[in-house]
Amino acid sequence: MNRKSLKILSLGFIMSILLAISAFPTGDSIPTGITDDNLVKNGCTCHTDGPMSSDVVITLSDLPEKYNVSQVYTLTLNISGGPDALADGNQGGFFIQSNYGTLESIDNNTWMPEGETHLTHNEEGNNYREWSFNWIAPESDSKVVKFTVYGNSVNGADGNAGDYWNKGEFSSAGVNAKIAEDHGELSMPQKLIYAFTVLVVTLSVVVVGNRMVVNDQSFEDVIKSYWKCVYPWLTTTDHKYIGTLYICTGFGFFFVGGILGLLIRWQLFEPRIDGDFLTYEEYNSTFTMHGTTMIFMAAMPIIFGFANYLIPLQIGARDLAFPRLNALSYWLLPTGGFVVYMGYFTGGAGDVGWTGYTPYATGDSSTTPGTDFWVAGQIMLGASSTLTAINFLTTMLRMRAPGVTMMRMPLFAWSIFVTVFLLLLSIPVFTVALILLMADRTFGTLYFDVAAGGDPILWQHLFWYFGHPEVYIVILPAFGVLSEIISTFSRRPIFGYTSMVYAMATIGIISFIVYGHHMFTTGADPLFRFIVMLTTMLVAVPTGIKIFNWLATMTGGSIVLKTPMIFALGTVITFTIGGITGIILASIPVDVALHDGYFVVAHFHYVLVGGTIFAFLGGVYYWYPKMTGKIMNEKLGLIHFALSFIFFNAAFYPMHNVGIEGMPRRYATYDAQFTELNEFITIAAFIFGFAQLIFVYNVIYSYKNGEDAGNNPWDGWSLEWATASPPPHNSFTEIPTLKLAEEED
Amino acid sequence: MSDDHEHHGTIAPFIFCIGVALTFIGLVMATAGGEDKTGDTGYWFVFFLGLAGLLTGFFMWVQDYWDQDSEEGEDIEVYHDFWGTITTRKFGMWIFLLTEVMVFSTLLSAYLRYRAAVPDYDSNLAECVGIDPCWVPAADIIRSHLIFGVINTFALLLSSLTVVLALYAARNNNPKATTRYLMATFALGALFLILKAWEWGEMKNGHFWSDHCDPLKQDIANHCIAPKYEHGFWLDTSLEGTTFYITTGTHGAHVFIGLIALLYLIAKANKDGYNEEYHDTIELFGLYWHYVDVVWVFVFPFFYLY
Ligand code: HEM
Ligand SMILES: [Cu+2]
Chain A
1 MNRKSLKILS LGFIMSILLA ISAFPTGDSI PTGITDDNLV KNGCTCHTDG PMSSDVVITL
61 SDLPEKYNVS QVYTLTLNIS GGPDALADGN QGGFFIQSNY GTLESIDNNT WMPEGETHLT
121 HNEEGNNYRE WSFNWIAPES DSKVVKFTVY GNSVNGADGN AGDYWNKGEF SSAGVNAKIA
181 EDHGELSMPQ KLIYAFTVLV VTLSVVVVGN RMVVNDQSFE DVIKSYWKCV YPWLTTTDHK
241 YIGTLYICTG FGFFFVGGIL GLLIRWQLFE PRIDGDFLTY EEYNSTFTMH GTTMIFMAAM
301 PIIFGFANYL IPLQIGARDL AFPRLNALSY WLLPTGGFVV YMGYFTGGAG DVGWTGYTPY
361 ATGDSSTTPG TDFWVAGQIM LGASSTLTAI NFLTTMLRMR APGVTMMRMP LFAWSIFVTV
421 FLLLLSIPVF TVALILLMAD RTFGTLYFDV AAGGDPILWQ HLFWYFGHPE VYIVILPAFG
481 VLSEIISTFS RRPIFGYTSM VYAMATIGII SFIVYGHHMF TTGADPLFRF IVMLTTMLVA
541 VPTGIKIFNW LATMTGGSIV LKTPMIFALG TVITFTIGGI TGIILASIPV DVALHDGYFV
601 VAHFHYVLVG GTIFAFLGGV YYWYPKMTGK IMNEKLGLIH FALSFIFFNA AFYPMHNVGI
661 EGMPRRYATY DAQFTELNEF ITIAAFIFGF AQLIFVYNVI YSYKNGEDAG NNPWDGWSLE
721 WATASPPPHN SFTEIPTLKL AEEED
Chain B
1 MSDDHEHHGT IAPFIFCIGV ALTFIGLVMA TAGGEDKTGD TGYWFVFFLG LAGLLTGFFM
61 WVQDYWDQDS EEGEDIEVYH DFWGTITTRK FGMWIFLLTE VMVFSTLLSA YLRYRAAVPD
121 YDSNLAECVG IDPCWVPAAD IIRSHLIFGV INTFALLLSS LTVVLALYAA RNNNPKATTR
181 YLMATFALGA LFLILKAWEW GEMKNGHFWS DHCDPLKQDI ANHCIAPKYE HGFWLDTSLE
241 GTTFYITTGT HGAHVFIGLI ALLYLIAKAN KDGYNEEYHD TIELFGLYWH YVDVVWVFVF
301 PFFYLY
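Residue numbers (our numbering), protein chains in the order written: chain A, 1 to 745; chain B, 1 to 306.
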């Protein structure tokens, strides 16, 4: 296939997508799952050739507007109109089915055919036009129950002539159900997402229109010129382009997730009642989407972005081993992210927490398709990470330049090496667990179904087998970044390189045997808990080694305080606090009290924001000159750091306090005694959020106005500083050879 | 030197991913969308559109290899001796298989977790007549027509051999024999899937309990297996069904994907012919195929015998 036909093919495909999108709302549903098959079996069988007639009026009385859980209601179905009946003959028939709850016959006039769920008349019942029966409401209070009724009004004569039938629909809702009227009202996150969509569309219309007018170009020309800009990005397999895409997508999601986080904080500004700001249900989906976005669509993509950009440069390779696979990994990210967010366009996003615990995730409580979208999107993201891991491991084991032995790789490269190993062994497990969950939700399998003997805790085992290595997957690369920055700005090689490598490898191995510390309160085997407690505490040893090595590196060095270094220093402090609270939580008796409370929230934000995000913000300041050829503005950088550091601590430190005092996490409201601290936290969080805008401004501003960087603005030692900034198309014109300083040329 | 690793861009991954996303969106909306969340069948259209996109992306991807003399491209120079002289593609395949090991480990450990916790039906009959937490293994149902599972096992093992023979033939510059052996592999794999589908159908539609059965006695020969299988054995019947169908189904999906790859190999062998120099892809496929085989060696005793 040549280029042109390729282009036509892809254009055609994109056109058909647009078509599909425009066709979305027209898909008509069959409300109660009643099929023709049922129609054939129902009382109207012998009359269906007659016309549906509006003369026949069907009423269903005594049906409550809001039902009570499991209550028995006696309903009366009446048909009127239609032909006059013969005095002694048949008068009518009916068929009724509800999508939730159970129907029950209470007299001799109605019956339920075996293996069916609908009620219909029998021979006796044929002589009436009114029937009574019981309906037992479902066990869940969040259902919207629909009744589909067919009524037949007959004249009693032989044959169908003169018989008329009609169809009726009735409904009743649980007290907690989202009823159709509610759909009109948008939730806060929905409003934001819609507003964002509208903004993007308007902007693009304005930009395109502006160009058409100003340059006097036709619409086609403008689109063509944009296409020329965009097409290389859609088709690229170059690790630097893909790295850039990853980093931009990651930070994009970081801001979306940040807005969701601020919504959470605004909800918790004061104790709320349902719907005061967010409804309780919306709150659930807000923290679910926040967590999912931050871990899978922000932290990991930012990490992979840097890895993509830097690893080939650091080990002296031209690209990754499988560039196309790399493009596939990347494209699964925005598309998978979109699928996860689809929930917002279909009535409510996933609301089962980023951990997706069963039976909550399989149960009735998660009725919106948002949770199904959450599962589906996560499967795509899991596939993406798996492919990335394969790609990087192959690259790093096979494609190092002459002289770059394993033990001469920069520590960032080592951290990615350990990370992809963890990914390789953990993320397929999560992905398979998600597939099982999807099978349970969609195809009726019973993996996590308690009633069938399934074990919901199995989900927790599978999830945390992945989940704990996952938290190291996001922190180890941050360790790598810190090591690079601290060594460069202390003007000294890192202290104890070998012990750093072994520490990371040890953390990686231990991370697989400690996951049980997330499950102390599940009633797990005491021996299992005990082992897990000890191994968890053991993690402190290699982690401590790393922290002390960084300190030792600085001790003998002459420190240069530039923005990246300041971020690195701040990270060491906040990460250490997070590490210490981790050890506190590892103790079983303490954790039983603190589990699922705000202390845990404080812990993981200290390690994730104070560790990963801070380190990678430092990483942006550090490598931005390599990627763009410009240095970022120092002054703005300092302000950004100061605000971030102060208000991060102001926002998250008090969470320890409210956590110890007993404030639980994942609730949309709280006891009034926590109000003051929560107000303080919320205000600090908002300032922290707005401080990030300075960073965005700096990135854009410096791209045009920054100082020229040259190849090596920081006097770094690793190989990426040996090539031009930004690096040439093939990264290295010639594969370099790494030599020790003492070696002869 | 600078242009022999020139990056040829490709839109295929992008299209493929859009296709995957639409497939999922269609699936979710068709099964859980609509006003009352029981599915909006209009969305199957989106599902199939997604599948079309996914296939388009896939074919565009394969097209590039198809047009080249070989799939290898130039291999990347290796400066560090790690795992001897194997190619980078082969190395990547090994690592991919490692992730695949994790996939089946997960499925098998989920199965063993339930299997270990629940007493077997026939060992503890009096206690668990008709009660759900009693494991009635799929093996009991299969036993009366185990012969198909056995044929399948031999078919797969044999197909592992034919792949090796295909590779051997390619190495000996015998393109005819290569094609023949590849076709034999395909036939054996297809046989496997056909027998499997037949067996699934039997189990799904069979009746394994009736009024004449003695509630205290499992009588496999007379189809008295468990009251809960009165209406057949399917993935939503019981945990036994769920684990059986999902695990063997995942394995079957791997065989299916293998067959698609084989179609490509056969066509390519017909067009250009694999030979002494270019046979790498057959070898890679062979690795995958052996792996699928090895998985079966675990799945078979776990689900068909035990
Ligand atoms: C010094 C090492 C660490 C130790 C000993 C440790 C210990 C723990 C423990 C015991 C819990 C469970 C608390 C509970 O739910 O009751 C926990 C939760 C958590 N940790 Fe850590 N941790 C450490 C480092 C990290 C790092 C580096 C990260 C991520 C970058 C992290 C992220 C998390 C997250 C996200 C949770 C909460 C999971 C959830 O329930 O949603 N931890 N940690
Ligand atoms: Cu953990």
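I should point out that these hints are in silico values taken from the structure, not numbers from a laboratory.
Mixed in with the good hints there might be a few duds.
[Claimed, not checked] Here are the computed distance ranges between Cβ atoms for each label pair:
1. A:Ala-505 to B:Ile-257: 32 to 42 Å
2. B:Gln-68 to A:Cys-229: 21 to 31 Å
3. A:Lys-228 to B:Ile-257: 53 to 63 Å
4. A:Pro-589 to B:Ala-117: 54 to 64 Å
Just so you know, even glycine gets a beta-carbon here, dropped at the ideal spot from N, CA and C.
Against the structure, the hints:
1. For the hinted restraint 32 to 42 Å between Ala-505 of chain A and Ile-257 of chain B, the CB-CB distance of approximately 34 Å keeps it satisfied.
2. Gln-68 of chain B and Cys-229 of chain A have their C-beta atoms about 30 Å apart, which keeps the hinted 21 to 31 Å range intact.
3. Taking the beta carbon of each, Lys-228 of chain A and Ile-257 of chain B are about 37 Å apart, not inside 53 to 63 Å as hinted.
4. A hinted range of 54 to 64 Å for the beta carbons of Pro-589 of chain A and Ala-117 of chain B is inconsistent with their spacing of about 28 Å.
This entry does not satisfy hints 3, 4, going by the numbered hints stated previously.
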